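Hey, can you work out the whole structure from these sequences and the hints?
Chains B, U and Z supply the protein sequences, listed in that same order. Position 23 (the first sequence) corresponds to 23 in this note's numbering; numbering is contiguous. Heads up: take any position in the second sequence, counting from 1, add 1000, and you land on this note's numbering. Heads up: take any position in the third sequence, counting from 1, add 2000, and you land on this note's numbering.
The set of hints was computed from the structure by calculation and includes no laboratory data. All values derive from a computational prediction rather than experimental measurement. Where hints are given, some of them may not hold.
Stated by the list, open to error - Derived DEER-like restraints, expressed as beta-carbon distance ranges: (1) U:Val1337 <-> B:Lys187: 29 to 39 angstroms; (2) U:Tyr1053 <-> B:Asn101: 30 to 40 angstroms; (3) Z:Gly2130 <-> U:Val1337: 46 to 56 angstroms; (4) B:Lys187 <-> U:Ile1195: 33 to 43 angstroms; (5) B:Arg140 <-> Z:Leu2039: 48 to 58 angstroms; (6) B:Ser58 <-> U:Glu1226: 52 to 62 angstroms.
Here a beta-carbon is modelled for each residue, glycine too, at the ideal position from N, C-alpha and C.
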Amino acid sequence: MGEYASGKSEMAVNRAIELKNKGHSVTLVDLDTVEPFYTLRPLKKKLEEKGLNLIAFSREESFGLGETGAMLNPRARWALMHEGDIILDIGYGVNGARTLNLVEGAQESKELKVIAVVNYTRPMTNSREKIKEYIASLGRVDAVIANTHLADETTVDLIKQGNSEIIKAAEELGIPVDYIAVEERLKGLINEENFKVPVKFIKRYMPDAIW
Amino acid sequence: MQKVVGDPRKAFITGNEAVAWAALAAKAEIMFGYPITPQNEVMHYWTRLAPKYNRKFLQTEDELSAGFTTCGAIQAGKKAFTATAGPGNVLMQEPFGMAEAMRLPLLAVIQQRGGPSSGTVVYSQQEVTLTTFGGNGEGHRIVYSTSSHQEIFDYVIKGFNTAWKYRFPVFVLGDGYQAKMREPLEMYDPEDRGIEMVKPYALVGLDGRIGETREPQHLCNIYSLEEELYEVVLKIAGDYDAMTPEVVEYEEKECEDADIIVVSHGVVSRAADDAVKILRSQGIKAGYFRPITLRPFPQKQLREALAKSGAGKILIAESSYGQLERLTKQELYGETVPIKSLLMPGVGIVDSDIVNKVKSIM
Amino acid sequence: MVAPAMPKSWYVPSKPHKFCPGCGHGITLKALGEAIDELDIQNKVVFGCDIGCSLLAWNFFACDSTQTHHGRTTPVMVGIKRARPELICVGYMGDGGGYSIGSQHLLNSAVRNEKITVILINNTNYGMTGGQMAPTTLPGQITETTPYGRDVEVTGYPTKGPEFIAEITPENAYVARATVSKYKQLKRFIKNALRNQEQGNGFSFVEVLSTCPTNWRTSAEQTWHFLEDKMEKYFPIGELKNPLGKGEK
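Below you can see the structure in the form of structure tokens.
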């Protein structure tokens, strides 16, 4: 989970495909209750073709979108009953980890890991202090993904500077940083040894997800 | 008032967030709003940010109220704004009319959704007619149609200034895609760019002692006699026409030698821009013309583009069934150039749609 | 010639006012003017009037005034008050504006306990548009749109505004119904409604039972009879909520 437009869905899709490619059985769950754009819904078919079990409305199913309010997929509520790896993409709103209350068994699960995605170019998380304040507001957070980028305008300097602030903020909160997410096309430009945490190269799927 | 952005830097945000930040940077003091998709995050971010910058918000009972409370706050001398879409825009035409009649510098952000009726909550360009000429009046408003997040930010700031300088209601016309898309933009405090924000002033609740140091203010928007109204509307129209050359804005590319000029506005102009490049690369002399102000329309500039290019055709591309087309045709009255159109209400238009259409009519 | 005594807060150039002979607006606005004078708030009052006969008060006072659309005076006053809490905002409207076309604004402003004062004239009909049925038209009453008398089976019963507003407001709201037949009480209620706003307590509402001889087609005697014997029987007079004191029944 994370701030609006922080890259939650992108991280979730990349992780799901990574696990799938390792031979795991993966269920990816769209827990965005309102947003018609940039959720997993427009990508549903494409992701299913990759062999993922996707719990998300298709475009045709999600009648009225934000206008009807009740947009929790009943299958999402029982998502944790699935075998294998389960990735919850928790979207939208000021409620943070409280969205997990909608998922049966989430609070009791010992295997659940709550990961906050942070992009340093988001105005609400563009300083160490703001990042700390923001993560603290989410409730339970077990790890952080540093996802600093500006889409096509991402620079190496930005990746270094933004993510190091995120790492420092996480250190001060005592929360581990799982990895830094960097777009694949920048692979040759990044020296992974410069970072204290692993770097994961990702593909961008979400630009195709505008409704 | 404290600075909002500080050091200018790039941010990766949605269009709705850009509205909230721009309004803060423009020193807007109060927002009134009512939930409707796809503008909700304007309110979400304003309400998250407002207390940190000592600004105010009220969620009203409906859009009528959001519009009229905005009018009230402006009469009381505060920089106030609202945001809406679709059926909310329909309801707000009533208070927008009051702003037109009483020359209230109201700023409203319209994130167009599909219509008629509730339509869809997603995207469309079907609120052009409503936003430019809605209400029981003459359309004495200023409508900026944006095509990127940077423009949303820039024109919200500029819009407050245009409103308070000329005292016409100002609209920043976006759409569901622009509202929700994410892209980088540079945020800034206007004073750091040398932009001086026009100071608001009050029409009621003035200083001084009535009958001693000043007369009372009696504001009115209804008239007993037809002749009185005639005078008032003519005065407004005169002011509007005088203002037009100062506020009209447009974007033009490759029109010098164009055989065909593609006219589009808002987010569709991104596709038109790409399409013109593709067509040029294939040897077709296409030009690009985009009204940024849909009201007042850059009539003179479009006529000039036609004259200098000698273009034999115009193609109008829009995500509505002829709203920009109608606007353009009335503004081009007297020109004989054939006007073709690519009308796709409710759905997005991509470069290949325009390329194919141009080829089919050349 | 001796000029008649007028409240200081009246705007003299707009007098004589434009209301019909026998209309209760003049009495109500005199009470409001005297209340403004006695509280010495003329310079901070913003007076807002609606569409309908209340519109004729647009330049009635030597106070800053604004005129809005039918039913929309409440939100305009809310906007002014939210922007400038130091001002005393008085919305003035009829029963059509407040209870019908603008009822959502009145209701929600009351629920939010907006710190404004609303004075609503109940004369049981739409005066300016020519005497149509209003939400307050009495059962059986003949109007232009109830030519055979108001049939409550078809159009429901008269709206009891103060009763519903009292029900939905917190204790620091002020809610009363006055009548132009009891001038001193009318002025006291209006003054209380202004004081309640001035003290920053909450929503302050006074419905005023008023007369409309022109549309009722009544003589002076018949007018007073309709007010005192019909309206005041149907719509009880008194303070339903008064945070400033015990309240008058």
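Okay, the hints, checked on the actual structure:
1. Between U:Val1337 and B:Lys187 the beta carbons are some 51 angstroms apart, a value that contradicts the proposed interval 29 to 39 angstroms.
2. Remark: the range hint 30 to 40 angstroms for U:Tyr1053 to B:Asn101 is upheld by a beta-carbon distance near 32 angstroms.
3. The supplied range of 46 to 56 angstroms is met by Z:Gly2130 and U:Val1337, whose beta-carbon atoms lie about 53 angstroms from each other.
4. For the pair B:Lys187 and U:Ile1195, the beta carbons lie near 41 angstroms from each other, so the given range of 33 to 43 angstroms is met.
5. Between B:Arg140 and Z:Leu2039 the beta carbons are some 55 angstroms apart, a value that agrees with the proposed interval 48 to 58 angstroms.
6. Distance hint check for B:Ser58 and U:Glu1226: the Cβ-Cβ separation is about 58 angstroms, which falls inside the suggested range of 52 to 62 angstroms.
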